[in-house]
Amino acid sequence: MRLIILGGVAAGTKAAARARREYPDAEVMILTQDDYVAYAGCGLPYYVGGIISEAQELIVRTPDEFKHENGIDVRTRCQATAIDPSAREVRARDLDTGIEQTYGYDKLILATGALPVLPAIDGIHLKRVATVRGLTDAKKIRVLVDSGKLRHAVVVGGGFIGLEMAENLAHRGLQVSVVEMRDAILPGFDPEIAALAKKALEEHGVGIYTGETVQRVLGNASGEATGVVTTERTLDADLVILSAGIKPNTAIAAAAGVETDARGMILVDEYLRTNLPDIFAVGDCASVRHQMTDLDVYSPMGSTANKTGRLVVANLIEPRETFAGVLGTTIVRLFDVSAARTGLSEEEARAAGHDVETVLVPTPDRAHYYPGNKPIITKLIADRATHRILGAQVFGEGVVDKPIDTLAMGIALGMTAEQLSGMDLAYTPPFASALNSSIVAANVLLNKLDGKLRGVSPCALELDNPNQQLLDVRTEPEYLIAAIPNSINIPLPELRERIDELDPEKSTVVVCKVGRRAYGAALLLRRLGFRDVKILDGGMTAWPYETV
Amino acid sequence: MAEYRINARGLQCPGPIMQLFTQMKSAEPGDLVMIEVTDVGFKKDIEAWCRKTKNTLVSLIENDGVITAQVRKG
Ligand SMILES: Cc1cc2nc3c(=O)[nH]c(=O)nc-3n(C[C@H](O)[C@H](O)[C@H](O)COP(=O)(O)OP(=O)(O)OC[C@H]3O[C@@H](n4cnc5c(N)ncnc54)[C@H](O)[C@@H]3O)c2cc1C
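Chains as they are written, first to last, in our numbering: chain A, 1231 to 1778; chain B, 32 to 105.
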C-alpha cells in the first residue's frame, strides 16, 4: 500500500507515524509545501515572546528523523497542486526547482490545515505586516522583535491567537493594541467572560478596541508598516499582526471533487472519510461533529488535529474506529488570568433551541485559607427542562484547566446539575475546597432551577432604569473601595432596620462580593413583600465594567 | 507611635478589610498597622481603600501566597 499524506504539521505527522506502526510494509509519504514539519504551532506565540528561546525547541521531529528512524519519506517545500481521484494521483511542484511531478497513491490523507483569513484592505502586503500560522511566520516576527526597534504593535482580531500574540509582544516591551470588529473579544466565550478578559488585558496595558474595523495599514517610504486606521482611530504600528480568523485550506481538494461546505471545510463522516473513495481528511481542513448538536462544525484545534490524525489510520483499509466529535473545549492564558470553555455557550445553547438557565459563580480555586488560593469564576449553562449541563466556562487568576476538564467529561456523558452537585471530587486544602468550585456552581444552579433565586447577568444590567434600584449589601469599606454607579449601600446586617430606604414596588437587583450575601438579602426582601428581586450574577467579583 | 499586627489569614472578604477598618478607627494618626491576608483580592482592595481614605500604604508584598500590607494612619 502506498499512503500519501498532504500536510505535515499536527494531523499529517500523527497519521504518518501511526501508519508506519500499523502497516509496516506500507510506503508512507508526506508532501508539504512548508519549510518545516511536525512543529508545535500552538507554541508559536511563546516563541515570539521568548519563553521558548529557539525555534528548534518547537520542532518535534525533523524530516531526516522521520526518514531514518521511521522510514517515512518527507518532502518539504513540495506543494500539491492537483489531485486526480480516478487515476489516484497527486501532482506536486517542488517550490525550489519549479519541477512538477506525479505521485500515485492507494490511500490519500488530506491534512492541509488552514490559512489565515486576510482582511481585504490596503497595506496588508507592506513589510512588518505578518500572519501567525507556521513556524516561518513566527521566525519572521521574532527577528523583527529581536531587532529592538519596534515600539507599537497592532493585532487585528481578538481571537485566542491574536490575544496570545498581544500578551507575548507586550512581554517583549511593545505597546500593543488589539482591534476586534465584533463587540467582544474571545469568540466562543459568553460576553461576561469576554468582558472580564478585556478588563484583565487592559489592566496589563494592552489596548482593546472592540466594535472597530481596520480599514487600512499605513506605510512609510521604505514600504514598512507604520500605523493602522480603524473606523474610530489611527493607531501607531511598527508591527501589524493579522489574526482575523482562519479558513480551511481546501482549494485543491474541492477542485478534485471532494465535498466541502460553504466555508470550505471538507465534510467527513465519523470514520473521517470524504465523499471520494480512499480519500480521508483530518485536522484543520476537515469538519468535525459537535457532540451537543450533532452538527458538522469547524473546530480547528491542535487537540482535535492530533486525535483525528491518529484515528484515521485505523480506517484506511476498512472502517473500524469512529471519532466521537468535539465539545468545543478550549483554553487560553492571558497574563495572569486564564479562560476556558467547553460545550455550548449560552448563545449557542439558545440557538440550538434550549430553554437556558445560567449561573456565574466566583469561588477560590482551593481552600480559601490556604495561602496561594486564587479566585476563579465558573459559568454553567443548563437546560431548564432536563437540568442537563450544556456548557461551562471558567475564568480567573486561579486554576481553570482542572475544572474545565472535569466539566467537559461530565458534559460529554450527559451530566445533570444534580449529578454535578453530587460528584465525588478530590479535596484537600492545597488543591480544592471541601465544596469544590464546580459543585458550588451546580448548587447555585439548582437554586435557580428551583426558582429560589433569580439572577441578572452583568452584561444585561441596566444602570439607568428609573424603575429599578440597585442594592449593594456589602460592608461600608468594601463599598467605598469599588461600587457600581447608582447603587445604594445598605450592609446586610442593617437591611431590616433600614428597609424604608427602599421601594418594594421597584424591581430590585442585589449585589455583594460573590453572591452569597446578595442571596440572603434577596430571600429577606421577598419575604418582606418586594415585588421583583434579582441578584447580580457573579457579584462585584465578576463585574467587568466601571466602578466608582 | 504604636504598631499593630493583624492576622487576617484564612479570612475571606469582607473579613480582612473590616478588621483593618476597625483597627484604623481606634488608631492614632501616624500609627502603623500591619495585616497579613491570604485572600488575593485584598491586594487591589487595599490600594483602593488607602487612596480613598487618605491612609498611607507603606508596603505591600506577596510571599508564598501570603499578602502583607503595612498601612500608616493618615
Ligand atoms: C499561533 C497558534 C496558536 C495555537 N494554539 C493552539 C492551542 O493552544 N490549542 C489548540 O488546540 N490549538 C492551537 N492552535 C491550532 C493548532 O495549531 C492547529 O489546530 C493545528 O496546527 C492543525 O494541524 P493540521 O496538521 O491540521 O494543520 P496545519 O498546522 O495547518 O498544517 C497543514 C500543513 O499542510 C501544508 N499544506 C497545505 N496545503 C498544502 C498543499 N497543497 N501541498 C502541500 N502541503 C500543504 C501547510 O503548509 C502546513 O504545513 C494554534 C494555532 C496557531 C497558529
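FYI, nobody ran anything at the bench for these hints, they're computed from the structure. Given the structure is predicted, the values throughout are model-derived calculations rather than measurements. Be aware that one or more of the hints could be misleading.
Unchecked claim - Okay, derived cross-link-like pairs now, SDA-like style, lysine to any residue, Cα gap no bigger than 20 angstroms in a straight line:
| id | chain 1 | residue 1 | chain 2 | residue 2 |
| --- | --- | --- | --- | --- |
| 1 | A | K1537 | A | F1553 |
| 2 | B | K75 | A | D1376 |
| 3 | A | K1477 | A | E1462 |
| 4 | A | K1604 | A | P1659 |
| 5 | A | K1369 | A | D1352 |
| 6 | B | K75 | A | F1553 |
| 7 | B | K74 | A | D1566 |
| 8 | B | K75 | A | G1353 |
| 9 | B | K74 | A | A1713 |
| 10 | A | K1604 | B | T84 |
| 11 | B | K85 | A | K1537 |
| 12 | A | K1357 | A | D1376 |
| 13 | B | K83 | A | P1707 |
| 14 | A | K1357 | A | K1369 |
| 15 | B | K74 | A | L1710 |
| 16 | A | K1357 | A | G1457 |
| 17 | A | K1604 | B | V71 |
| 18 | A | K1604 | B | K56 |
| 19 | B | K85 | B | R40 |
| 20 | B | K56 | A | P1721 |
| 21 | B | K75 | A | T1777 |
| 22 | B | K83 | A | D1566 |
| 23 | B | K74 | A | F1553 |
| 24 | B | K75 | A | G1435 |
| 25 | A | K1604 | B | K83 |
| 26 | B | K85 | A | L1710 |
| 27 | A | K1429 | B | T99 |
| 28 | A | K1604 | B | K85 |
| 29 | B | K85 | B | Q101 |
| 30 | B | K74 | A | Y1749 |
| 31 | B | K74 | B | M49 |
| 32 | B | K83 | A | A1597 |
| 33 | B | K83 | A | V1778 |
| 34 | A | K1604 | B | M55 |
| 35 | B | K74 | A | E1627 |
| 36 | A | K1429 | B | K74 |
| 37 | A | K1604 | B | T99 |
| 38 | A | K1370 | A | G1353 |
| 39 | B | K75 | A | P1715 |
Non-conforming hints, listed in increasing numerical order:
2, 3, 5, 6, 8, 10, 11, 18, 19, 22, 23, 25, 27, 28, 30, 32, 34
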